[in-house]
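Each chain, written out:
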Amino acid sequence: MSTLDEKATEVMDDDSAHAKGANESGASGYIILFFIIGFAASMVLGWVAFPKLLYSQKQQPFSFNHAMHVAEVNNGCESCHFFRDDGSFSGIPKLAQCTGCHDETMGESEAEATFVEQYVWEEREVPWYSYSRQPDCVFFSHAAHVVGAKMDCVTCHGHIGESESSRPYEYNRITGYSRDIWGKNIAGLKKNSWDRMKMDDCAQCHKEAGIVHTSSVQTKRDACFVCHK
Amino acid sequence: MKVDRRSFLSFVIGGAAGTALSPLPWKLMDDSSIWSQMWPWTPVPPDGEVVYEDSTCSLCPGGCGITVRKIDNRAVKIEGKPGHPVNDGGICILGLSGLQMLYGPTRIKAPMKRMGERGAGKWQKISWDEALGMLTEKLTAIREREEAHTVAAIAGSDQGTVPALLARFMAAFGSPNFIRTPSYQDTDELAVGTLFGEAGRTGFDLENADYILSFGSGIADGWGSPVRMIKACSLWKEKRVPVVQVDPRLSNSAAKATRWVPITPGTEADLALGIAAVMIAKNLVGSGAVSGLGGIKNTLLTDYAPEKVSLSTGVSVEAIVEIAKDFARANRPLALCGRGKAQSPESLRETAAVYLLNGLTGNVNQEGGMWAIAPADYIQWPEVARDKAASAGLRQPRFDGAGSGQYANARHLLQRLPDGLNGNGPYPIQVLMVADANPCHSLHDAAAFKAALDKIPFIVSFSSFNDETAAMADLLLPDHVYLERYADVPVAAGLPSQTIGLSKPVVSPQFNTRHLGETLINLAQAVGGSVAESFPWKNYETCLQETLADKWDVLMQKGVWVDDDFATAGSSLQMAALDTPAVEIEGDAGTFPLLLMPYDSIRISSGYIGDTPFMIKTVADTVIKGKDGFVEINPQTAGEMGLSEGDLATLTTPRGEAPVRVHLFEGIKPGVIAMAKGLGHTAYDGFLADKGINVNELIGPVEDPSSGLDAAWGIRAKLAKA
Ligand code: SF4
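Protein chains in written order, with the numbering used here: chain A, 1 to 229; chain B, 1001 to 1722.
The set of hints was computed from the structure by calculation and includes no laboratory data.
A couple of the hints might just be wrong.
Claimed, not checked - Simulated DEER-style distance windows between Cβ atoms:
#1 B/L1021 with A/E72: 46 to 52 Å
#2 B/T1682 with A/V226: 48 to 54 Å
#3 A/T99 with B/W1552: 43 to 49 Å
#4 B/P1536 with A/E72: 50 to 56 Å
#5 B/Q1545 with A/T99: 49 to 55 Å
#6 B/E1198 with A/S90: 55 to 61 Å
#7 B/P1613 with A/H69: 43 to 49 Å
#8 A/I32 with B/S1036: 36 to 42 Å
#9 A/V226 with B/D1377: 40 to 46 Å
#10 A/E110 with B/T1682: 31 to 37 Å
Quick reminder that beta carbons are idealized off the backbone N, C-alpha and C, glycines included.
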């Protein structure tokens, strides 16, 4: 053995001597205590503080009452969120669709005043935040789902049609995407089909409808290019 | 309690365990992967409703119908309009990338006045009221001093209501100085006037012709209406129509042709007359096709015998005879001229000789032939009102001398402006207005033109783009670009019909610009008096609608109005004499052993409109590489001069000097060198500026002795290894 190794043993001995000097049982108690403190602190950080830090909130330009509008129109969601002649989906309505009724302030609400004065009269489109916008790498066709597969709006969008005011828009600070895509639940758990809209959620449904979705020869399921063009 | 190392480690381990059981690491991993797959700074075009809007492209004289695809209010793609009589769904690279003109960085976004030295690029944004006020004040003062003739305007065209409003403004104001930028149109008008005895232009029924003889016309390089020509080239291939391209250089057109006839540059007229002589000698001429033929017959037969012509042109006797026979025996042969894109005037001698060939076959004013077409006459405005100031101004001669004395045949002679400004003009010019033109880049000896502008105290540019001429202005009154405005687009460009296209606003104006027609109406009303009286329209749209009258509805519906049953300009071709002199070339062969010729490329826009960023990317790196421009040279000539591919050299002409790189090209005659037109910009944006050399700065104007038009087709040059 070289001199160097001997020195190392010496140091180790020195160290163990130190440990022996301390109160053995008290030390192990502290060790457990610190483990618990570390564990608890990181759990709080990960489950409570982290989601708060990761997601930022923005208020919609003004509050929108879906429930009231649904009651007024004849054709449910499609009255405002319709398919264009070329089959593409119109998404959030443009100002032109609203001005038919809202060329003057209707009712007393603050939201209505904001809408008419700041947008209708100024001819500015309302910069709504879209809760359900998919990432840019996703090709999503409403026509294929709603017209083709006869799915209803609730399956993906939940009961938004019954909401009486607009909840805050939450978006991920890293990716910039709406929280509705990853899911409200930070553990990624979901109870309802509309709780989360990630790739796995699409895939699950596409797998269940396995007879028609077989564009990939290898997997006998939908190929990547069905959604990622 | 003592926090020792063990406690600390256990705290860390506890932390690690807790973290692993929390969503933090997993969610972060997921989010960072999403972030890295879709960088937030990658531009993503917004989604929206898809609509298509039809309009007419006016980026070149071609007049193609276009369909613009829009997402909500943003134009995203320009396509050729299917079924359109000019381009039937086709589009060229310039038209295709027109959106870069609309949204690109070269736009002038608001009226501006110059702040620093002229040309220093220091501007201040001002309101339209202030801008028009400034100009009105200047113009009114000049008019009050009865010096209206000292105001001049340069326009890129005189066709359509917008240029016509500018010409009308000048006439009502009292200035004879409305000057159109030079183009082949000048020569064509002159040739039609001389040969047919009436005002008009030519049109060619290319689609029905069965033999094409092109004297340097870039039939696949942007001549005439470029998309129509590309389609015609394909049609000829399909129908096996022989295409003979006479060209000193293996241009794209020559490469596509059935037969390429390399010729000594500048001798095209000799070849045309030589072919005519063979046709006459072999009795292959349609009877009575050309009046006055008897008078020139003997001269033709003696002076242009194939042997003689072969000596001067470098084309073999057999080739001359063969082409003459094939041309004459074809049912509907057509001869074309106008070098490259036909953007410059040509020698009258050459043009008349080529039109004579068409006359000799008898294929004039009939299907598959050459047509002489009377000018479009849909603009019928009342005479301008003339007060005392206007009459006084209009009694003065034109500043460029066109229309009188030795220049009696010419209508516009822009190349004479620098000389006039430098002391040889009849009077000084106090205000110059420039619309749809960039003479500081596109005129021969552009540098001299730019320098002469120093003599003009006030220059106004209506350009939409930050071009070289706008850079020299004192006041910028930017026009909308073609996709933002209404305008009639009468299409000449060799079409055998009267065709008018309609430009419609596809998107609303992107910046604080104003339609030139509108600006002129505003200006006329501000100047007042008889000028205002001559502009009775409320706005440009009313003016356009009233002018187009019953054509308006057709144009709004179909986007194009075509009259196939148009009036011709004279019925037969009369040849008077063959003594029209040739256009000589500048420079002496001793000092300058080479011959420099500019050439046109469909990938390089060289007029008022500069190349788009998209187009410049398609230019081969044997034309420009980085910032260096290339000159094409025959390997034999290069060998003699010790030059090899890519070498840096200094190119010198009597007009200037430029550093170039050498590109060896078998397709060019020994002793001749060629450079692409349209490069070497100093203005515009980083995509176009400082790339290559502006060949117009190396070539000086050469006047055609018979007209005064600048018909320079090259210059003598020398090349030395740098
Ligand atoms: S050929 Fe001329 S008119 Fe036609 S698309 Fe191209 S630039 Fe426009």
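Right, here's what the structure says about each hint:
Taking 46 to 52 Å as the suggested C-beta distance range, the pair B/L1021 and A/E72 conforms, at roughly 49 Å. The given range of 48 to 54 Å is respected by B/T1682 and A/V226, whose C-beta atoms sit roughly 51 Å from each other. Here the CB-CB span from A/T99 to B/W1552 is close to 30 Å, at odds with the stated 43 to 49 Å. Separated by about 51 Å at the C-beta atoms, B/P1536 and A/E72 satisfy the suggested range of 50 to 56 Å.
Separation of B/Q1545 from A/T99 is about 29 Å and departs from the stated range, judged on CB atoms against 49 to 55 Å. Checked against the hint of 55 to 61 Å, the pair B/E1198 and A/S90 passes, with Cβ atoms roughly 58 Å apart. A C-beta distance of roughly 46 Å is found between B/P1613 and A/H69, which places it inside the suggested range of 43 to 49 Å. The beta-carbon spacing between A/I32 and B/S1036, approximately 40 Å, falls within the hinted interval of 36 to 42 Å.
For the pair A/V226 and B/D1377, the supplied restraint of 40 to 46 Å is violated, since their beta-carbon distance comes to about 60 Å. A beta carbon spacing of about 57 Å between A/E110 and B/T1682 contradicts the range 31 to 37 Å that was offered as a hint.
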